[in-house]
Amino acid sequence: MRKRLQKQKLSSLIKKLKEDATVIAPVMTDKNEVDFLPVNSEEVILSGARSLYSPKKYIFKQSESMYDYTIQDSGKVTVKESCENEKQIIMGIRPCDLHAIEYMKEFYSGKYKDSYILRRLENSVLIGLACTEPSTNCFCTSLGNSPVDTDGSDIMMADAGSFYFVKGITEKGKKLIENNKDIFEDSQEDDERVLSDIKESCEKAILEKIDVTALKNKVGSAYNSDIWKKYSDICVNCGACTFNCPTCTCFDVADTSRSKNEGCHYRTWDTCQNFAFTLHASGHNPRSTSEERLRQRVMHKYQYTVDQMDQFSCTGCGRCTQVCPVGISMIAILKDIKEVVDNGEE
Amino acid sequence: MEKNKKAPSINQNPYIPFFGKLTDIIDESHVTKRFFVELPKGHEKVDFIPGQFFQLTVPGVGEIPISLSDYIPEKKSLLFCIANTGIVTNKIHQMKVGEFIGVRGPYGNGFPIEKFKGKNIVIVAGGIGLFPLRSVIEYYFRNKNDFNKLEVLYGARNPREIIFREEMKSWRLKKDTTCKITIDKPEKGWDGNTGFVCNLVDKNYSDSSEILFHCAASERENTVVLVVGPPVMFNSILKKLEEINFPDDSVYLSLENHMKCGIGKCGHCNCGSKYVCQDGPIFSWKELKTMEKEY
Amino acid sequence: MKKQIEKNIKSLLHSIWKSGDMAISWTKTSIPGKRTPFFIKNKNQIDQLVFDTFCAVSLATYLTEFNRKEILPEDFKGKLHITCKPCDARSVMQLFSDMQVSEELVNLIVIQCDGIADESKLTKIMSGYVSNIEEENDRFICKGIGGTEKSVPIRDCWLDKCSDGKNCDLPYYYGYYFVGNETEYRKRISNLLHTKTDLVQDTMSPKELKKLVNKELSSCIRCNACRNVCPACFCSDRCVFEQPKVNVKYLDSEDASKNNILYHMIRFNHVAPNCTGCGECERACPMSIPLSMFYKYFNRLMWEEFEYKPGKTNSERQKLLSYHLGEDLV
Ligand code: SF4
Ligand code: SF4
Ligand code: SF4
Ligand code: SF4
Ligand code: SF4
Ligand code: SF4
Ligand code: SF4
Ligand code: FES
Numbered sequence: 001m002r003k004r005l006q007k008q009k010l011s012s013l014i015k016k017l018k019e020d021a022t023v024i025a026p027v028m029t030d031k032n033e034v035d036f037l038p039v040n041s042e043e044v045i046l047s048g049a050r051s052l053y054s055p056k057k058y059i060f061k062q063s064e065s066m067y068d069y070t071i072q073d074s075g076k077v078t079v080k081e082s083c084e085n086e087k088q089i090i091m092g093i094r095p096c097d098l099h100a101i102e103y104m105k106e107f108y109s110g111k112y113k114d115s116y117i118l119r120r121l122e123n124s125v126l127i128g129l130a131c132t133e134p135s136t137n138c139f140c141t142s143l144g145n146s147p148v149d150t151d152g153s154d155i156m157m158a159d160a161g162s163f164y165f166v167k168g169i170t171e172k173g174k175k176l177i178e179n180n181k182d183i184f185e186d187s188q189e190d191d192e193r194v195l196s197d198i199k200e201s202c203e204k205a206i207l208e209k210i211d212v213t214a215l216k217n218k219v220g221s222a223y224n225s226d227i228w229k230k231y232s233d234i235c236v237n238c239g240a241c242t243f244n245c246p247t248c249t250c251f252d253v254a255d256t257s258r259s260k261n262e263g264c265h266y267r268t269w270d271t272c273q274n275f276a277f278t279l280h281a282s283g284h285n286p287r288s289t290s291e292e293r294l295r296q297r298v299m300h301k302y303q304y305t306v307d308q309m310d311q312f313s314c315t316g317c318g319r320c321t322q323v324c325p326v327g328i329s330m331i332a333i334l335k336d337i338k339e340v341v342d343n344g345e346e
Numbered sequence: 001m002e003k004n005k006k007a008p009s010i011n012q013n014p015y016i017p018f019f020g021k022l023t024d025i026i027d028e029s030h031v032t033k034r035f036f037v038e039l040p041k042g043h044e045k046v047d048f049i050p051g052q053f054f055q056l057t058v059p060g061v062g063e064i065p066i067s068l069s070d071y072i073p074e075k076k077s078l079l080f081c082i083a084n085t086g087i088v089t090n091k092i093h094q095m096k097v098g099e100f101i102g103v104r105g106p107y108g109n110g111f112p113i114e115k116f117k118g119k120n121i122v123i124v125a126g127g128i129g130l131f132p133l134r135s136v137i138e139y140y141f142r143n144k145n146d147f148n149k150l151e152v153l154y155g156a157r158n159p160r161e162i163i164f165r166e167e168m169k170s171w172r173l174k175k176d177t178t179c180k181i182t183i184d185k186p187e188k189g190w191d192g193n194t195g196f197v198c199n200l201v202d203k204n205y206s207d208s209s210e211i212l213f214h215c216a217a218s219e220r221e222n223t224v225v226l227v228v229g230p231p232v233m234f235n236s237i238l239k240k241l242e243e244i245n246f247p248d249d250s251v252y253l254s255l256e257n258h259m260k261c262g263i264g265k266c267g268h269c270n271c272g273s274k275y276v277c278q279d280g281p282i283f284s285w286k287e288l289k290t291m292e293k294e295y
Numbered sequence: 001m002k003k004q005i006e007k008n009i010k011s012l013l014h015s016i017w018k019s020g021d022m023a024i025s026w027t028k029t030s031i032p033g034k035r036t037p038f039f040i041k042n043k044n045q046i047d048q049l050v051f052d053t054f055c056a057v058s059l060a061t062y063l064t065e066f067n068r069k070e071i072l073p074e075d076f077k078g079k080l081h082i083t084c085k086p087c088d089a090r091s092v093m094q095l096f097s098d099m100q101v102s103e104e105l106v107n108l109i110v111i112q113c114d115g116i117a118d119e120s121k122l123t124k125i126m127s128g129y130v131s132n133i134e135e136e137n138d139r140f141i142c143k144g145i146g147g148t149e150k151s152v153p154i155r156d157c158w159l160d161k162c163s164d165g166k167n168c169d170l171p172y173y174y175g176y177y178f179v180g181n182e183t184e185y186r187k188r189i190s191n192l193l194h195t196k197t198d199l200v201q202d203t204m205s206p207k208e209l210k211k212l213v214n215k216e217l218s219s220c221i222r223c224n225a226c227r228n229v230c231p232a233c234f235c236s237d238r239c240v241f242e243q244p245k246v247n248v249k250y251l252d253s254e255d256a257s258k259n260n261i262l263y264h265m266i267r268f269n270h271v272a273p274n275c276t277g278c279g280e281c282e283r284a285c286p287m288s289i290p291l292s293m294f295y296k297y298f299n300r301l302m303w304e305e306f307e308y309k310p311g312k313t314n315s316e317r318q319k320l321l322s323y324h325l326g327e328d329l330v
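If you read the sequences in order, they're chains A, B and C.
Taken in order, the first sequence gives residues 1 to 346; the numbers are from our numbering.
Taken in order, the second sequence gives residues 1 to 295; the numbers are from our numbering.
Taken in order, the third sequence gives residues 1 to 330; the numbers are from our numbering.
Among these hints, one or two may not hold up.
[What the hints assert, rightly or not] Label pairs and their in silico Cβ distance ranges: (1) A:Ala281 - B:Leu173: 48 to 54 Å; (2) C:Ile16 - B:Asp248: 51 to 57 Å; (3) C:Lys43 - A:Ser257: 58 to 64 Å; (4) B:Ser170 - A:Ser257: 41 to 47 Å; (5) B:Lys175 - C:Arg238: 33 to 39 Å; (6) B:Asn222 - A:Glu171: 54 to 60 Å; (7) C:Asp237 - B:Arg165: 36 to 42 Å; (8) A:Lys216 - B:Leu173: 40 to 46 Å; (9) C:Lys28 - B:Gln94: 35 to 41 Å.
[Claimed, not checked] According to the in silico footprint, chain A covers these stretches of chain C (three or more CB under 8 Å from chain A): (10) 79-89; (11) 152-159; (12) 164-177; (13) 218-225.
[Stated by the list, open to error] Simulated coverage check for chain A against chain B, where a stretch passes if three residues somewhere in it have a Cβ under 8 Å from a Cβ of chain B: (14) 58-70; (15) 105-111; (16) 166-173; (17) 244-258; (18) 280-289; (19) 301-307.
Quick caveat, the hints were computed from the structure, so don't treat them as lab data.
Just so it is clear, CB atoms sit at the ideal spot from N, CA and C, and this is done for glycine as well.
From just these sequences and the hints, can you work out the full model?
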């Protein structure tokens, strides 16, 4: 399903969508940073480089209650599952973040299904936006992705000058377009070309590229190499990289009581960079050094999930590099890994 | 407009526990207790393999993984033996009969017990490592005809910390079963073995394992060794087994990684490409050799 | 001039280097405008050292990590040279006076600083994409998308502390090397305006303060970057938030913003007495939370109450931890 959306019609579309869902889109915050927030229509930013923050927090919340419990007088405990059923429409998601959401969807499925996240995904419509420009740190092409990928979106949009080229991808997306058909216009014969044009110009602007796909299944061989020390020496193990990473899925679980008989079981984001993350009750810590923790992050993204799910859990968005307070660059680490792998093969 | 789908029922949400009543609590040693949890209606049947664990919740305090020591179908109850080591276990120790505790599980792979059929089983445990192995021992006695001999090698820090004293007495009396106990340091009133439990798998030690050292070679070949304890302990055991060239695919270990969710989502127990909570906690030594040393 | 300073640091290091020494300095990365800390473990690495307008990371924080990390090379037996901007040197002073690192171990090299640029500010000005940055006098010439060029005044990208100037004083300490011209430096900083208005005003009512705290701190994501880069937050693995047996890691509520505010309150309490105002917390924060504004407020209070400014010397005891006979009990 192909359509056009005139740019001046965007606000009426958002107004319409807001009638039965929360609409979330990139806007400028008072900190002069672009972030995904619930919007009112006017200020949406659907151009330029990706935002520093990913929309992950609307799928996998920083902190959420899992269930509330009540202890009855008889001592019996009843639980009430926390269950959000609000519909949300997230707009302006860049292709890398769409890949990340795809990954999360698969990760949280499997033998046991994370009801909270899957339910939220079911209640979300994801509207993607092709990247006309990359950010300084983007390296999606290194992972075999492209700035116009549509995987994971329900609807894809691309800036075509005076209008957006709109493509319905899933049934859910097509239905949304159908329901608002008076706002869209029919697309012309060669509108699709805008995607390949954008792809070409955006990919040209991406600053760094190394072929990570060629390293698939080989990254593990760098496990015992000495490249980690160089980075772990300066890494302060903060977790800015993992909390801002759209594919980091780890969380901590805890209980809290509100009164003697009531409380809740909740979870919060957690990071493998944290010392206490793997600390055993006995005091033994399998990843006690900074080196091991930094290596865990890299290995998990480029080797372990390849073993488990046959895919990298990095989309190449470059956020980890951008937020690192001491300038550790993921692409630099990958270059070192490549060297180790290449040398090992000779 | 499509109607909001009904939320999946509580049973489909793997994070939600059911609450079982504590029907009996028995002091074991000065830091450990046994807890019998009655299974509520609708949860009476438990498909369980020895070595698997459950997530126990104390509302308002927290959740922890505890391996099941026994499932008693006749009484519809589960037996957990718990040492008082942290915030949650401390709270559990303060609980009284009649109170309710949250339970979800069983999780993990458990011991590949089918593979052990027809073989001798040597159990090596240090401290509270014997708790999860009790389910194997019970399984052995219930299905005695499927197995050969059983030997329990157990090490405790001091006589007061020895667990399953009574059981061990009765196990000893059974056919084909031996039990050997050692405590770390000599102490007044103790006339048994002293030294670490790895001694018992040392060929030069006076009271070493019957099955491994004092039987025909064919017996040793037909043996599996199950080791549960902290990494320092099992590493020393593995060293001893290496010395006698014991095959690494006949040794099974249980890892104790920090766990939070039990179902492969929270990432805490991640060790290489494995999630200890799902792919483990039981690994053969052979598997362990190929894994990253992050346990 | 900056190139000359960089050269001088290198030759100083060459001249004082003895085998078994180590140095902490900066080097380039492949990202335009990003400099990264660099551990020099043998003499022939000295020439990879970089000092320029982008060396924002304060290296003082690494001095707090020695207890935990094996960052010293195995054959280390000499001195640890550390290159510092004057503001960072004050953090080192504070670590000396808090006895977190021995003065014997550290050789402090203070560098004449001309204001440091924040790469993330420049990135914002360039709408997220910079492929190249050249420095020409007091301007950056940046290349953006499609080769477009933009000239940006360096002052527009300065770290807040640099335009404020309150942190630029040299510490009272005679054990450091100074690279550059000290008189010139003192002259430059005396001309700084010290006019930055503070976010937290003395005249604020508790209600207003609370509102401000809620507004600013609730967007925190608890990444701990502020804690981990802070040279005054030196407990490493022994930090209260890392203790499994206390379980306050993410604190006690399913509402993240409540936890975050509490987290910061705890940090305020722990850190305010020895915060030198280096601004690292704020620079590191991915959520652009103006953390140093709060610390500045505490610093101001301490100055008014005790005439105490952390980081001024290597030996002044923390005022909130010490008591003199005859002092009024507050
Ligand atoms: S990484 Fe690629 S897809 Fe993602 S924002 Fe950058 S250019 Fe777009
Ligand atoms: S953001 Fe940088 S310093 Fe922080 S943990 Fe990640 S790599 Fe280390
Ligand atoms: S690892 Fe870095 S580049 Fe990869 S998805 Fe995460 S934040 Fe993006
Ligand atoms: S293990 Fe680390 S890198 Fe992997 S998802 Fe968890 S926090 Fe992210
Ligand atoms: S927050 Fe407090 S306990 Fe933690 S490192 Fe900082 S000063 Fe230490
Ligand atoms: S609190 Fe912030 S300004 Fe104060 S010493 Fe720590 S990092 Fe520097
Ligand atoms: S650096 Fe910012 S986001 Fe991270 S914990 Fe500190 S205040 Fe919160
Ligand atoms: S315990 Fe959560 S992933 Fe294993």
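Consistency of the hints with the structure:
Distance hint check for alanine 281 of chain A and leucine 173 of chain B: the Cβ-Cβ separation is about 35 Å, which falls outside the suggested range of 48 to 54 Å. In this structure the hint that isoleucine 16 of chain C and aspartate 248 of chain B lie 51 to 57 Å apart at CB holds, the actual value being about 54 Å. Between lysine 43 of chain C and serine 257 of chain A the beta carbon distance is about 60 Å. The supplied range of 58 to 64 Å therefore holds. Taking 41 to 47 Å as the suggested C-beta distance range, the pair serine 170 of chain B and serine 257 of chain A conforms, at roughly 42 Å.
Take lysine 175 of chain B and arginine 238 of chain C: their Cβ atoms lie about 54 Å apart, and the range 33 to 39 Å is violated. A C-beta distance of roughly 59 Å is found between asparagine 222 of chain B and glutamate 171 of chain A, which places it inside the suggested range of 54 to 60 Å. For aspartate 237 of chain C and arginine 165 of chain B, the Cβ-Cβ distance of about 38 Å falls inside the hinted range of 36 to 42 Å, so the restraint holds. Taking 40 to 46 Å as the suggested C-beta distance range, the pair lysine 216 of chain A and leucine 173 of chain B does not conform, at roughly 58 Å.
The beta-carbon spacing between lysine 28 of chain C and glutamine 94 of chain B, approximately 58 Å, falls outside the hinted interval of 35 to 41 Å. Counting residues of the segment 79-89 of chain C whose C-beta sits closer than 8 Å to any C-beta of chain A gives 0, which falls short of three, so the coverage hint is violated. Counting residues of the segment 152-159 of chain C whose beta carbon lies closer than 8 Å to any beta carbon of chain A gives 0, which falls below the threshold of three, so the coverage claim is violated. With 0 residues having a Cβ less than 8 Å from any Cβ of chain A, the segment 164-177 of chain C misses the three-residue criterion, and the hint is violated.
For the segment 218-225 of chain C, the stated coverage by chain A holds: 5 residues have a C-beta nearer than 8 Å to a C-beta of that chain, and at least 3 were required. Residues of the segment 58-70 of chain A with a Cβ under 8 Å from some Cβ of chain B number 3, which satisfies the need for three, so the listed coverage holds. Counting residues of the segment 105-111 of chain A whose CB lies closer than 8 Å to any CB of chain B gives 4, which reaches the minimum of 3, so the coverage claim holds. Given a C-beta distance limit of less than 8 Å, the hint that chain B covers the segment 166-173 of chain A is violated, as 0 residues qualify and 3 are needed.
With 9 residues having a Cβ less than 8 Å from any Cβ of chain B, the segment 244-258 of chain A passes the three-residue criterion, so the hint holds. Here the segment 280-289 of chain A counts 6 residues with a CB under 8 Å from a CB of chain B, which clears the bar of 3, and the coverage holds. Under the rule that three or more residues need a Cβ within less than 8 Å of chain B, the assignment of the segment 301-307 of chain A holds, with 3 such residues.
Hint compliance for this structure: hints 1, 5, 8, 9, 10, 11, 12, 16 are not met, and every other hint is.
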